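Visitor: As a plain string of letters, each chain reads:
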Amino acid sequence: MPNHSLKAALVALAVFAAGCVSAAELELEKEQLKLGFIKLTDMAPLAIAYEKGFFEDEGLYVTLEPQANWKVILDRVITGELDGAHMLAGQPLGATIGVGTKAEIVTSFSMDLNGNATTVSNEVWALMKPKLAVDAQGKPVHPIKADALKPAVDAFKAAGKPFRMAMVFPVSTHNYELRYWLAAGGLHPGFYSPSDVSGQIKADVFLSVTPPPQMPAALEAGTISGYCVGEPWNQQAIFKGVGVPVITDAEIWKNNPEKVFGVTRAWAEKHPNTHLALLKALIRAGMWLDANNGANRKEAAQILSRAEYVGADYRVIANSMTGTFEFGRGDKRSVPDFNVFFRYFATYPYYSDAVWYLTQMRRWGQIAEGQADQWYIDTAKKVYRTEPYLRAARMLIEEKKAKKEDFPFDTDGFRAPTKEFIDGIEYDGRKPNEYLQKLQIGLKQGQVVEGGNVVSKQGAT
Amino acid sequence: MSTSTLAIKREPQPEAVATAASEPPPPPSKPKAQDPLWLLRAYKLFTAVGLGFVNPIIRLCRGENSRLQLQELWRLLGIPLLAIAVFLFAWSQLSARIQTSLGQIPGPMAVLHQAESLWADHKAERDKAAAFYERQVKRNADKLAKNPNAEIRAVKYTGKPTYIDQILTSLKTVFTGFLLATLVAVPLGILCGLSPIVNSALNLPIQIFKPVSPLAWLPLVTIIVSAVYVTSEPMFEKSFLISSITVTLCSLWPTLINTGVGVGSIDRDLLNVSRVLQLKWTTKLFKLVLPSSLPLIFTGMRLSLGVGWMVLIAAEMLAQNPGLGKFVWDEFQNGSSDSLARLMVAVLTIGIIGFLLDRVMHTLQSLLDFGARR
Chain D
1 MPNHSLKAAL VALAVFAAGC VSAAELELEK EQLKLGFIKL TDMAPLAIAY
51 EKGFFEDEGL YVTLEPQANW KVILDRVITG ELDGAHMLAG QPLGATIGVG
101 TKAEIVTSFS MDLNGNATTV SNEVWALMKP KLAVDAQGKP VHPIKADALK
151 PAVDAFKAAG KPFRMAMVFP VSTHNYELRY WLAAGGLHPG FYSPSDVSGQ
201 IKADVFLSVT PPPQMPAALE AGTISGYCVG EPWNQQAIFK GVGVPVITDA
251 EIWKNNPEKV FGVTRAWAEK HPNTHLALLK ALIRAGMWLD ANNGANRKEA
301 AQILSRAEYV GADYRVIANS MTGTFEFGRG DKRSVPDFNV FFRYFATYPY
351 YSDAVWYLTQ MRRWGQIAEG QADQWYIDTA KKVYRTEPYL RAARMLIEEK
401 KAKKEDFPFD TDGFRAPTKE FIDGIEYDGR KPNEYLQKLQ IGLKQGQVVE
451 GGNVVSKQGA T
Chain L
1 MSTSTLAIKR EPQPEAVATA ASEPPPPPSK PKAQDPLWLL RAYKLFTAVG
51 LGFVNPIIRL CRGENSRLQL QELWRLLGIP LLAIAVFLFA WSQLSARIQT
101 SLGQIPGPMA VLHQAESLWA DHKAERDKAA AFYERQVKRN ADKLAKNPNA
151 EIRAVKYTGK PTYIDQILTS LKTVFTGFLL ATLVAVPLGI LCGLSPIVNS
201 ALNLPIQIFK PVSPLAWLPL VTIIVSAVYV TSEPMFEKSF LISSITVTLC
251 SLWPTLINTG VGVGSIDRDL LNVSRVLQLK WTTKLFKLVL PSSLPLIFTG
301 MRLSLGVGWM VLIAAEMLAQ NPGLGKFVWD EFQNGSSDSL ARLMVAVLTI
351 GIIGFLLDRV MHTLQSLLDF GARR
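Chains D and L, in that order, are what the protein sequence lines are.
Position 87 of the first sequence, counted from 1, bears residue number 87 in this note's numbering, the numbering being contiguous throughout.
Position 85 of the second sequence, counted from 1, bears residue number 85 in this note's numbering, the numbering being contiguous throughout.
Heads up, some of the hints might be wrong.
No farther apart than 20 Å at their CA atoms in a straight line, the calculated lysine to any residue pairs in the SDA-like style are these [unchecked claim]:
1) Lys129(D) to Lys139(D)
2) Lys34(D) to Phe240(L)
3) Lys30(D) to Phe236(L)
Residues on chain L that point at chain D, a partial pick, calculated with CB under 10 Å [to be verified]:
4) Leu102
5) Val155
6) Lys156
7) Asp338
Hints listed in this document are in silico derivations from the structure and should not be mistaken for laboratory results.
This structure is a prediction, so every number in the text was calculated from the model and none was measured.
Just so it is clear, CB atoms sit at the ideal spot from N, CA and C, and this is done for glycine as well.
Use the sequences and the hints to build the structure in full.
Guide: What follows is the structure, given as structure tokens:
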């Protein structure tokens, strides 16, 4: 008997010890990782986690590699050439439900909020400007709504030219933000249908895909008349003198989720501890970026301006990273929340954020048939994995590297309903179908796009 | 010592060389006869390597006809240098006038400056790598101290590849692709040359695949390699394989065709002799076919390497595989104020390396030619 209890005590001790070890140092399944990113300022958490040694603190040896475009990034994560990557919030969702390439991608880390803007060419700006309301200093009043774009679109139509704008990927946040802005201003951005994935059915404004860093060049070449993209490619347009940013995405939807850190489901299941270690490093990077009211942002902009990361000039990157944003040459305004990396629980993967993107996929026909509310919520829960995030957060608190109030431990995964959209329409992540019903332009429950027309399907639920 | 005395003696007879062929000695008038064999070989080697201008310098030093040698030197060295000077001048004058969205087109000095900064960057990165390895050793030591059975893995530096690294990667890739191409093309070419049946069977596919651009092969190669090459501990990076195989597919053809032509045009009499002597086919191959078609095989290989180098840069750009092409693409995307100058450094580097590769092949070719004739 005494022997027995001694054994039990030893086992208990061993379990306790193992628990301690796992908190301090994870048993990593894989130490050498290659992570992909696109040259945008919102890849900052990856660069900071590398440069500040947060990856190495977790015992991870990470190589960061810039990629050509979002399609390449997704494909390389799927084939395993990359362990994980900087992704558009819509990418893991789109891939999982099969919009575009089908693959199971999950995310447990939201990289940032906001950070995009829409820029138009000088030619279009000249057509927009006369109609804009101006303030006492003669500067245009913000936010500028898409109705102001209408004269330009009409002028193009009259001249028999299509009005083309670019976004970065069919399931990109930019696509949905730009569409939201255009539709809120009465301009139709076009539907997708299963047989026509160009997304230009019935469109007033023709949207197409261009990789972020090529946007200013495409605008300069006249291939497109405007674009929606992340930084520094809007500020670059000003420095190059090829275009004028008119609206930031924070004005279209305040604190909208932007990029996520995506891995395949198989990878996450095979490397749970490595995944946790990555999340810990990334959370610390997010905290560093937003610490002390953005005191570190200048240093971050310096790091990002290196050729191996974003590589644009420091002044271009700093323009939006340090709490300001330049609309038009010399029109620099204070936009403290242009990039949010940690505040407002920015790094927590909220289900409601995922559901919003799913509603937009449905709205524009990428999800061809109507779905029940529960489907939206189930899909969000399948892709947005909050449990590893919270485990990583708890470990950081244990290690005294973070505080309990930094993380939303008591949330059910849905942000409170908000009206902070450019058109003031309320969004509640728990009721996606009700939300879709409220949006003027866009598919409603029971509608499908067939042969270039919207038709109601009888009996659809 | 002796050269200087010779030079003095010879100076009063500048027309000596012209008459040298017909006249019997006086010795200074027949300088070529005096050149030792090794020197003649050296002359030949210098010409082959592309350093032909060294020859008149040596001749001058040896005191040969100075006017003629100076003329030669002017033609081989002076004119090219002058042309480069004119080019640089025109560049610096014109570049200042073109304003792009990234600022002025950089002149030669700005480009040189960027080349230096890339080199400085390389050295700085090496220092960072050293610090990285130090940290790693320390971390591993700590790990072992805590748990003696811990598994320790050596991890390579995780920082960015520098410009020099990219050049080396590109060279490694192009040679791998070229080697594969040669291994496939030479045997196939020999078969084509020896057998009319094989020749007519392969002719059409060769003609069809030859003009295919690397950009068309690349997606196919990428997809197939990703599907076929699945290992947990890969020996090569996938991207390396994809680039190499694309190079192979595009650079195969010149070697294949030239080998075929080379083998096909062997003297019929020689082949008949081998038949009469009933030589074994291996003997026939190595003693007869290969030696006589070697010059054309090498011409083909030289063309192949040139094609391969061009293809590689395009493949790296499109597939985002490490190497010079990736560097060009990244700088294009960066769009910083240094980007234009860096792009020019890259263009010059690609050109110079391509030139050197061609020279190496040319040298090998002329050495072999020389050997074959003897």
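Visitor: A separate judgement is required for each hint: does it hold in the structure or not?
Guide: Going through the hints against the structure:
1. Lys129(D) to Lys139(D): 10 Å, holds
2. Lys34(D) to Phe240(L): Cα-Cα ~15 Å, so holds.
3. Lys30(D) to Phe236(L): Distance of about 18 Å is within 20 Å: holds.
4. Leu102: 7 Å, holds
5. Val155: This interface hint holds because 4 Å falls under the 10 Å limit.
6. Lys156: Check passed: Cβ of Lys156(L) comes within 8 Å of chain D, closer than 10 Å.
7. Asp338: 8 Å, holds
Checked against the numbered hints listed earlier, the structure breaks none of them; every hint is satisfied.
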